[in-house]
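The whole structure should be built from the sequences, with the hints applied where relevant.
There are 2 protein chains.
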Amino acid sequence: MLDKHYLYTPGPTPMPPAVAAAMGQPMTSHRSSGFAKLYGAIVEKAKAVFQTGNDLYVLTSSGTGGLEAAVANTISSGDKVLAIVVGNFGERFARLAEIYGADVTRVQSSPGETFDMTDVEKAWEEKGPFKIVLATHNETSTGVTNDIAPLGRFVGQTEALLLVDAISSMGAVDIRTDEWQVDVMVTSSQKALMTPPGLALLSISAKAWPIIEANKSPRFYFNLLEARKSFGTKNTPWTPAVSLFYGLNAALEMILQEGLPNVFHRHHRMAKAARAGSQGLGFGFLADDCTASHTVTAIVPPQGVEAAGLSKALQQNMHVSFAGGQGDLKGKILRISHMGYCSELDVLTAIAALEMGLMKMGQDIEPGSGVKAAGLALL
Amino acid sequence: MLDKHYLYTPGPTPMPPAVAAAMGQPMTSHRSSGFAKLYGAIVEKAKAVFQTGNDLYVLTSSGTGGLEAAVANTISSGDKVLAIVVGNFGERFARLAEIYGADVTRVQSSPGETFDMTDVEKAWEEKGPFKIVLATHNETSTGVTNDIAPLGRFVGQTEALLLVDAISSMGAVDIRTDEWQVDVMVTSSQKALMTPPGLALLSISAKAWPIIEANKSPRFYFNLLEARKSFGTKNTPWTPAVSLFYGLNAALEMILQEGLPNVFHRHHRMAKAARAGSQGLGFGFLADDCTASHTVTAIVPPQGVEAAGLSKALQQNMHVSFAGGQGDLKGKILRISHMGYCSELDVLTAIAALEMGLMKMGQDIEPGSGVKAAGLALL
Chain H
1 MLDKHYLYTP GPTPMPPAVA AAMGQPMTSH RSSGFAKLYG AIVEKAKAVF
51 QTGNDLYVLT SSGTGGLEAA VANTISSGDK VLAIVVGNFG ERFARLAEIY
101 GADVTRVQSS PGETFDMTDV EKAWEEKGPF KIVLATHNET STGVTNDIAP
151 LGRFVGQTEA LLLVDAISSM GAVDIRTDEW QVDVMVTSSQ KALMTPPGLA
201 LLSISAKAWP IIEANKSPRF YFNLLEARKS FGTKNTPWTP AVSLFYGLNA
251 ALEMILQEGL PNVFHRHHRM AKAARAGSQG LGFGFLADDC TASHTVTAIV
301 PPQGVEAAGL SKALQQNMHV SFAGGQGDLK GKILRISHMG YCSELDVLTA
351 IAALEMGLMK MGQDIEPGSG VKAAGLALL
Chain D
1 MLDKHYLYTP GPTPMPPAVA AAMGQPMTSH RSSGFAKLYG AIVEKAKAVF
51 QTGNDLYVLT SSGTGGLEAA VANTISSGDK VLAIVVGNFG ERFARLAEIY
101 GADVTRVQSS PGETFDMTDV EKAWEEKGPF KIVLATHNET STGVTNDIAP
151 LGRFVGQTEA LLLVDAISSM GAVDIRTDEW QVDVMVTSSQ KALMTPPGLA
201 LLSISAKAWP IIEANKSPRF YFNLLEARKS FGTKNTPWTP AVSLFYGLNA
251 ALEMILQEGL PNVFHRHHRM AKAARAGSQG LGFGFLADDC TASHTVTAIV
301 PPQGVEAAGL SKALQQNMHV SFAGGQGDLK GKILRISHMG YCSELDVLTA
351 IAALEMGLMK MGQDIEPGSG VKAAGLALL
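Each protein sequence line maps, in turn, to chains H and D.
Take the first sequence: its position 224, counted from the start at 1, is 224 in my numbering, and no numbers get skipped.
Take the second sequence: its position 114, counted from the start at 1, is 114 in my numbering, and no numbers get skipped.
Quick caveat, the hints were computed from the structure, so don't treat them as lab data.
Careful: at least some of the hints might be erroneous.
Copies of the same chain look alike in the list, so a pair counts if it fits in one copy or across any two.
What the hints assert, rightly or not - DSSO-like mimics (lysine-lysine), calculated; alpha carbons at most 30 Å apart, straight line:
| # | residue 1 | residue 2 |
| --- | --- | --- |
| 1 | K37 | K332 |
| 2 | K37 | K216 |
| 3 | K272 | K122 |
| 4 | K234 | K330 |
| 5 | K216 | K80 |
| 6 | K312 | K330 |
| 7 | K131 | K216 |
| 8 | K131 | K272 |
| 9 | K127 | K216 |
| 10 | K4 | K330 |
| 11 | K127 | K37 |
| 12 | K45 | K4 |
| 13 | K332 | K229 |
| 14 | K272 | K229 |
| 15 | K37 | K234 |
| 16 | K234 | K4 |
| 17 | K272 | K127 |
| 18 | K312 | K37 |
| 19 | K312 | K229 |
| 20 | K131 | K372 |
| 21 | K330 | K37 |
| 22 | K360 | K272 |
All figures in this text were calculated on a predicted structure; none of them were measured in a lab.
Okay, structure coming up:
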């Protein structure tokens with residue numbers, strides 16, 4: 001069987017050839033003027049994608065390391081934290097705060113739902129004020145996107161900081177870091193930013209710095225004060241993953257060349273096609289149309305189809321990788337990623353593979369119905 | 001001027017073509033069976049290089065992150081720690097322990113010197129017992145290698161754990177993790193392991209696990225208990241830097257193919273050539289012959305030659321990069337790295353470049369004297 005793989009898992013996502021080529025460049029010293037120029041260029045491009053004028057740094061770690069940097073630099077033991085949890089990654093963010101000793105109040109939603117501002121206001125009245133508010137922009141585990149704008153307006157009127165996990169949406173969805181008043185925005189390289197995993201990107205607001213400066217939690221590698229100090233000479237405090245910086249620079253260039261509005265539009269269309277195609281094959285959804293993620297679609301198999309079995313068959317027979325469910329959703333859903341280096345045609349391929357998989361499992365579906373529905377959604 | 005660069009800085013080091021090619025492989029899901037197989041293979045090879053039967057994990061971070069993992073998992077606030085500091089990186093390790101609240105006693109040496117076991121014994125008598133002992137195997141800032149064996153014998157008789165930074169020597173020097181009774185051995189990808197920066201490797205002894213399990217310091221990304229749990233399925237708790245794993249696997253394969261004794265011998269010979277060549281050009285040394293590092297040679301310019309000026313000229317006129325001094329040694333020394341993807345001929349090239357640089361600066365040296373001395377040392 002041909003060793004050709006189709007990657008539809010929500011990170012790492014497929015790597016563009018230009019990124020692979022960039023990563024093959026000879027190693028350079030991170031204390032060289034060449035690296036300083038590279039880092040400076042990356043930060044400028046990343047600020048455009050983040051839509052921010054805030055400080056922005058690149059750390060050598062996965063996205064989880066980026067979330068830990070956000071928490072360790074702003075939360076000390078005993079601090080009151082409000083965590084908006086709509087899925088697994090929101091829960092991880094909350095758990096991180098607890099590990100750093102925070103007194104965490106959770107505003108929780110059912111899988112597939114987004115949060116409700118009235119719940120936030122209620123929690124604030126009952127348990128507030130909070131020092132820090134944690135939110136997930138795009139919840140990868142359930143395929144929903146939270147509306148951060150009203151949350152930002154609310155938190156912006158308080159002394160609290162708003163920390164947002166945009167790991168699986170930055171570079172795919174219109175994220176307005178400054179307009180939404182997000183104090184620490186976190187993303188990572190391996191999702192819509194089309195670069196292999198290993199880098200986290202964080203923007204930090206002017207409002208956040210005094211809190212970071214005063215914060216007592218022990219941290220060294222993830223100390224943002226060190227990152228700020230080193231950035232004075234466009235450098236990093238510790239040895240950065242130079243190859244990934246090369247790759248990220250190429251990927252950001254691709255995004256800005258395509259144009260942010262076009263990138264956002266493409267992701268929206270891919271999501272529509274994924275939903276229409278899945279629906280045409282009899283799948284249901286966790287999320288409704290309005291809050292469904294533009295980067296990852298969580299689908300619920302039709303009666304009689306076992307999600308894990310279908311996923312395994314697609315992997316073994318066609319080298320097609322979808323993600324499964326996490327936590328309580330394990331075995332109940334499939335997740336199709338359509339972000340980063342992914343086109344509408346790639347989504348049709350995913351739907352065609354799903355259709356083949358279902359037919360091979362003996363499901364009674366009309367051949368072509370999935371791709372037909374997806375195609376119509378794109379017309 | 002031809003855009004061809006000669007990298008003699010002690011990390012990142014030059015990348016072998018096989019590593020670059022491996023890193024260009026298509027992205028894969030880190031939850032795939034393919035990744036599990038890759039991680040398993042890397043760990044087996046790394047254990048051979050570490051000469052250990054202990055558990056071993058690969059973290060996505062620089063070496064400093066690896067040192068923080070060692071500290072955050074074994075040190076709680078108030079713990080008594082003995083830190084052996086022979087240079088900048090030893091000081092960084094000690095500072096890390098202090099950030100995690102340790103009560104640190106330092107055994108300190110002058111730049112270019114290694115530590116003395118009698119100082120350790122004295123410190124133990126006066127201030128001990130300690131819970132944790134920190135040591136640097138190869139001090140990159142001064143180019144000396146500490147003898148860890150007697151320290152390991154000493155600490156092994158106590159309840160303390162020995163944490164060793166072997167970032168700039170692992171894969172170049174004969175390091176016997178188990179024979180030396182090192183509880184946590186730390187290295188990283190970008191030095192003698194010939195892979196771009198972004199990965200830290202840690203081995204953990206059976207003696208260390210109960211301490212790690214009981215440790216109270218907050219940590220999430222660097223939590224070794226999570227690394228151990230995930231390794232049950234040859235996986236990582238957070239998204240790993242997949243491309244760097246590809247690269248590291250190829251690099252470890254190169255090391256084992258060459259054969260560890262041959263690799264160690266090559267590094268020893270490169271160090272001899274670097275010293276002889278530098279001496280032939282009138283340079284002095286920080287370290288003496290017996291304790292001089294096999295991976296990095298720190299040289300003191302002859303009277304009248306300014307280290308920073310020479311370094312800058314080499315960089316600008318020949319694209320040759322040496323490292324300078326750190327801290328108190330800033331502007332006083334040059335450091336030539338000869339580790340990883342580096343041959344004896346590459347050392348001759350470095351010496352030839354030094355010679356050209358000196359001559360262009362008007363130094364009165366006999367043409368060819370550096371390369372001649374280095375070559376004779378290799379006969």
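Evaluated hints:
{"no.": "1", "hint": "K37 with K332", "in the structure": "between (47 Å within a copy, 27 Å between copies)"}
{"no.": "2", "hint": "K37 with K216", "in the structure": "neither (33 Å within a copy, 41 Å between copies)"}
{"no.": "3", "hint": "K272 with K122", "in the structure": "neither (34 Å within a copy, 72 Å between copies)"}
{"no.": "4", "hint": "K234 with K330", "in the structure": "between (44 Å within a copy, 20 Å between copies)"}
{"no.": "5", "hint": "K216 with K80", "in the structure": "both (14 Å within a copy, 21 Å between copies)"}
{"no.": "6", "hint": "K312 with K330", "in the structure": "within (14 Å within a copy, 58 Å between copies)"}
{"no.": "7", "hint": "K131 with K216", "in the structure": "both (14 Å within a copy, 24 Å between copies)"}
{"no.": "8", "hint": "K131 with K272", "in the structure": "neither (38 Å within a copy, 58 Å between copies)"}
{"no.": "9", "hint": "K127 with K216", "in the structure": "both (23 Å within a copy, 28 Å between copies)"}
{"no.": "10", "hint": "K4 with K330", "in the structure": "within (27 Å within a copy, 52 Å between copies)"}
{"no.": "11", "hint": "K127 with K37", "in the structure": "neither (47 Å within a copy, 48 Å between copies)"}
{"no.": "12", "hint": "K45 with K4", "in the structure": "between (32 Å within a copy, 27 Å between copies)"}
{"no.": "13", "hint": "K332 with K229", "in the structure": "between (47 Å within a copy, 24 Å between copies)"}
{"no.": "14", "hint": "K272 with K229", "in the structure": "neither (44 Å within a copy, 38 Å between copies)"}
{"no.": "15", "hint": "K37 with K234", "in the structure": "within (7 Å within a copy, 38 Å between copies)"}
{"no.": "16", "hint": "K234 with K4", "in the structure": "between (40 Å within a copy, 23 Å between copies)"}
{"no.": "17", "hint": "K272 with K127", "in the structure": "neither (39 Å within a copy, 68 Å between copies)"}
{"no.": "18", "hint": "K312 with K37", "in the structure": "between (45 Å within a copy, 17 Å between copies)"}
{"no.": "19", "hint": "K312 with K229", "in the structure": "between (48 Å within a copy, 24 Å between copies)"}
{"no.": "20", "hint": "K131 with K372", "in the structure": "neither (50 Å within a copy, 67 Å between copies)"}
{"no.": "21", "hint": "K330 with K37", "in the structure": "between (45 Å within a copy, 23 Å between copies)"}
{"no.": "22", "hint": "K360 with K272", "in the structure": "within (26 Å within a copy, 66 Å between copies)"}
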